[in-house]
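K.L.:
One-letter residues, chain by chain:
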Amino acid sequence: MGHSFVELVEQIIYPAVKTTLYMVTIATIFSAIFGFMIAILLYVTRKSGLHPNVGVFTVINTIVNVIRSFPFVILMVSIIPFTRFLVGTSIGKNAALVPLTIASAPFMARLFETSFESVDEEVIEAAKACGASNIQIIFWVVIKESFPLLAQNLTLAMISILGFSAMAGAVGAGGLGSVALMYGYQNFNDSIMYGTVIILIILVQFIQFVGNKLCDYLK
Amino acid sequence: MGHSFVELVEQIIYPAVKTTLYMVTIATIFSAIFGFMIAILLYVTRKSGLHPNVGVFTVINTIVNVIRSFPFVILMVSIIPFTRFLVGTSIGKNAALVPLTIASAPFMARLFETSFESVDEEVIEAAKACGASNIQIIFWVVIKESFPLLAQNLTLAMISILGFSAMAGAVGAGGLGSVALMYGYQNFNDSIMYGTVIILIILVQFIQFVGNKLCDYLK
Amino acid sequence: MIEVSGLEKKYGKLQVLENIDLEIKKGEIFGLVGLSGAGKSTLLRCINGLVPYDGGSLKVQGIEIQKLGKAQLRNFRKNIGMIFQNFSLLERCNVYENVAFPMKVWKKNSVETDEQVRKMVRLVGLEDKIESRPRQLSGGQKQRVAIARAMVTEPEILLCDEATSALDPKTATSILNLLKEINQKMGVTIIIVTHQMEVVEQICDRMALLQAGKIILKGEVKQLFLENSEPLRELLGRKLTFEPGVFIRILIENKSNYRKFFYELSSEMKIAYEICDGGIRNFKDGSAFLGTLKIETKDSDEFMRYLKKKKVLFEVQENGA
Amino acid sequence: MIEVSGLEKKYGKLQVLENIDLEIKKGEIFGLVGLSGAGKSTLLRCINGLVPYDGGSLKVQGIEIQKLGKAQLRNFRKNIGMIFQNFSLLERCNVYENVAFPMKVWKKNSVETDEQVRKMVRLVGLEDKIESRPRQLSGGQKQRVAIARAMVTEPEILLCDEATSALDPKTATSILNLLKEINQKMGVTIIIVTHQMEVVEQICDRMALLQAGKIILKGEVKQLFLENSEPLRELLGRKLTFEPGVFIRILIENKSNYRKFFYELSSEMKIAYEICDGGIRNFKDGSAFLGTLKIETKDSDEFMRYLKKKKVLFEVQENGA
Amino acid sequence: SGKEEKKEEKKEVTTLKIGASPNVIEVVHAMEDSLEKEGYKLEVVAFDDIKQPNVALDEGSLDGNLYQHKPFLDSFNNDNGTKLKFVEPLFGGFTALYSEKWNSVEEIPENAKIGIFQDASNQHRALVLGEEAGLFTLGEPSNNGMYTLLDIKENPRNLELVPLDTGGLNQGLTDLDGCFNQGTSMFLAEKDPTSYIAIEKDNSKFAIGLVVREEDENAEWVEPFLKAFRTEDTKKKIDEYYQGSYVYFD
Ligand SMILES: Nc1ncnc2c1ncn2[C@@H]1O[C@H](COP(=O)(O)OP(=O)(O)OP(=O)(O)O)[C@@H](O)[C@H]1O
Ligand SMILES: Nc1ncnc2c1ncn2[C@@H]1O[C@H](COP(=O)(O)OP(=O)(O)OP(=O)(O)O)[C@@H](O)[C@H]1O
Ligand SMILES: [Mg+2]
Ligand SMILES: [Mg+2]
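Protein chains in written order, with this note's numbering: chain Y, 1 to 219; chain R, 1 to 219; chain V, 1 to 321; chain Z, 1 to 321; chain C, 1 to 250.
Calculated directly from the structure, the hints in this document are not laboratory data. Just so you know, not all the hints are guaranteed correct.
If you want a taste of the chain C side facing chain Y, the calculated C-beta under 7 Å gives, among others [what the hints assert, rightly or not]:
#1 Asp79
#2 Thr148
#3 Leu164
Predicted, not measured: the structure shown is a model, and the values here were computed from it. Don't be surprised by glycine CBs; every beta carbon is placed ideally from N, CA and C.
If we strip away everything but chain Y, and leave its shape as in the complex, we get (with noise of 0.2 Å):
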């Protein structure tokens, strides 16, 4: 092994827990805004929708689907000049943050759209029925009522992002991911790989737990 393991932690593991906190915190909440406002989108332009428009449908769902279609390593180097024109650099943990909200917008779209389309019918109808706007419907209605549903697939999509994040190392984001990929397999370390791997289980649980415990709370 040729080297502490206090030095391990310290040099590697703990900047990379940080790292990956980061990197997730932030993709999380940066594609949960734009994957939910795509998921609107689709939501209220879809043929039985609020507002239907077959036009605005058909584009953001084709932009969704051809986003989708990257592999995430490609879809990380298809979009380096944007990224370059974003964070400045097209190499770190900021620069990795791009693509990983790119990647994982359209996924959480996908997401919150099934989660909106199970709002019952009659309910929206009664907030018609009272006169709400389509931005109070969304808001006050489908939103509200699909609370639990959508906790549930955030935490879904923040633990695809959390993997996704691993892949990020391919733009030396570094993380716990690429710590276990390059410190552990590729170093033929297995303590190093598996070491990480059972952080990331803690990370894991940990998130799923705080998403379970919110969607009952919002049941």
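Using the hints, position chains R, V, Z and C with the ligands against chain Y.
P.N.:
Just chains R, V, Z and C with the ligands, lined up with the frame of chain Y:
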């Protein structure tokens, strides 16, 4: 660039498409089956479930979280002995099916779980009042009532599996995604890279289209 | 206020509404009755633009609903409260929030909202459930939330789809009194779909009977119940009995002193009668005896003269009770 | 058949059922009435084990529900049909499939199922909607599906939670007749929760009145309506009027010839009376006049003697109508 | 699996399953025609990974692989207890340090960020180069004789080494102060492979060669395979694709 266009298509793209379709279809089927069983177990044994069992629930829930914690590549190599036991080799598309299935099943399970949870409790109560057994409630009520949602989430998961299959190149499985990565990205061959991505886009559009139709039909 | 003419509505091949003509005046309480599946709820939904119609015209306050733009339709709906047959409450909101919903939509200030919401919740008797979610309420409690929600903004028109079906007689009466009150004090126009004839009797001025999508009877409530024509008898499930004799439907109002009517009849005349059906009913303007009497044929003319003298409304029925 | 004693049920701090004692005999039709939120639905749910109770005992066919194992409970429920207040239909199944559901659960063979399901659908008048999903049905149609579903397996016990609340009088009557028929032909025990007193009158043998979780009145239907005691008056929203005179509640059954009663009374006696309320009601065993008469104090003894002679049931009310 | 493998070999002598990683994939493809002349059909199994071709070879799923240098194989064998054999060095590229910002190693300032390979073998190679160029000094190799980022002992300029994959190293040239990279990658990314500011002293010890299972060291097909690689046809095709960024060790 070393290969003529025809050669490229014949020798690389065409087999890659076949491989991808093979891997994605089979992995979707298997992970749907396993995910389904896991989801049902989670749904049934949870606190407010049909047959609450904290022990079983906690164990399965934890297993799901643990598997979801593994970065895909690490999962893939960690289970090589198991893969070898199952399919006799650690490389190729059949070998890739094992980690693809194992990685997707918990993901599907979570998606299906949320789908099941969206079924109205009053309807379940009515079924109980008819004397329906838990199995009958699950198959005739929970699953049937959540069918459109299940179809949507299956579509979502299938596209995610397509994304994961790109990483199956690590075990020499081939497929569109890994062609894009290896021949395209790592060899700086943009025409292969984006060419394969375009095929992926078509595939994703197709899957999503079929999924939507299925869902509309089921509604 | 509401003018419907030639209204048509189809669900696929099913003609749900057919050539509906109806006029509902401002400040009126109008009852809509009919067999299950006749199209009552659909008509109500057409009136506030929730369901598009396929032909004919539907004007509310002179405006053709179907021609309204989105924003206009919304504004228009703000003046219409609706109580849905299945309540359609927000599952994740408590009673307070459900009732406050239209106030929020109207962007009322919070003081006014709070006051008004609490008032309504009190009026429907749910103060102690104000924090409960619909899931924790009984059927009737849910219905009362729906009622409070529909009335909280004091709309000019109120559409009630079986608004008291899940309520016990006492609560139902208090809700009906509430409706009567807002109708009288604020001139609210109310359309009530119901299967309970007592409800129609108690608060409606006029009513219409829908059968398989067509209006086959409309008019003054008392008059229609007095006439007891075949479609209404059919709805009420009354069977004709074929016996000899003259059957006379009578409506003895308070002014003719319905309580003493039969006693006086006997002391003043020697006509034999049988009370075939009926009893004392509560109409909007007071109680009255409504029923069918059987008179022997020889006495019938004299009896009718007596009724006229006593200012009792009556109709001779072809046959039966 | 069903023996309830000392039953207690709490939702959190809310005591929903308190010390309920009730015995329902085999082959009886039992009515359960009470204010909205009194706990009627909860009691019904306790009976088929959908809701666990916190105290007391609830025995059906001699078996304590709460002590049943899972499989036993399931088997037990097969003998109990339940019509839910909110219908609780399978949204993604059509009418046929909804009605067939309990048959599938019972694992009946498909020929029998098909026959029985079509029969039930026909009985509730939904042949033309057999392929429709609940979403495409009107409120009353949904309710009829729920009724058909509860009755399709010909259970020994039928629990009806406001089974006719969404039905027009005609359809309601035909459903009630259906209930009466299965009760008489097959000895099905039926418990009916309802807010419609006509329903109780028409088909119930006995009834109980629930108030805030307690049973405050129980007995023979006719007797209770005749007695018109305070809790029942309260439920019906009847107000007392304080006037001088003796108020006598009378129930004139067919054997006393209710149709001719008032005419005969006048020809045979010279007693002045006022009909304060009431009318001809349809009871399970035939029509009768049920109402309150006001007699001047001096005449009351004589009047009561007359009633006795005529075999008319009566109760003197403390005061009021 | 040894016995089964032999049976299979007798039946299917004509098809050779050779594993390769992306950076040499076209090299292996280039042998197809020459190998056919020797009576073998070549099946290239492309791995997006540098460990799995060895795993697959060891389990018998491959006949051989051609993508690694000897130090890497030694390290792999050592770590996994395998006995794979490095037959002969065949060809190799060079690793160098490139920069678009600075013209020489001396100019690289303090706290500069330098891109470096993610994978063990190339990282080791780049670290050796970095020490040679005087960027830092290394201690003891911690990974079975190979250096890792943790083995940097003195780092006077406090350089930050950023591990990147192939594409990242290419992009890193624009965003970082410099990047270690392979000449071939530079060439494939349409950049000048000779624009380096430092290059490794000896690339021969990192020559890539055929690796087989121990028992196959003298297998029938090995000679023809090596021969096919060394034909003019193969080399012409490799040179055509990589434009001379690979050199041969005959
Ligand atoms: N979405 C729909 N699709 C198809 N048919 C429908 C739909 N909604 C209602 N119907 C049909 O239209 C007819 C009228 O329905 P409506 O709900 O207006 O009846 P209703 O008079 O309110 O009956 P009820 O008294 O039972 O509530 C019914 O036959 C019903 O089956
Ligand atoms: N899940 C629940 N959680 C909390 N309180 C509940 C729950 N279900 C019912 N309750 C309360 O229990 C009381 C009795 O409810 P129940 O449904 O039995 O009334 P009900 O007599 O059927 O009334 P209705 O005639 O309005 O249907 C009500 O006050 C109700 O709010
Ligand atoms: Mg209706
Ligand atoms: Mg109830």
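K.L.:
Output the indices of the hints that this structure fails to meet, ascending.
P.N.:
Violated hints: none; all satisfied.
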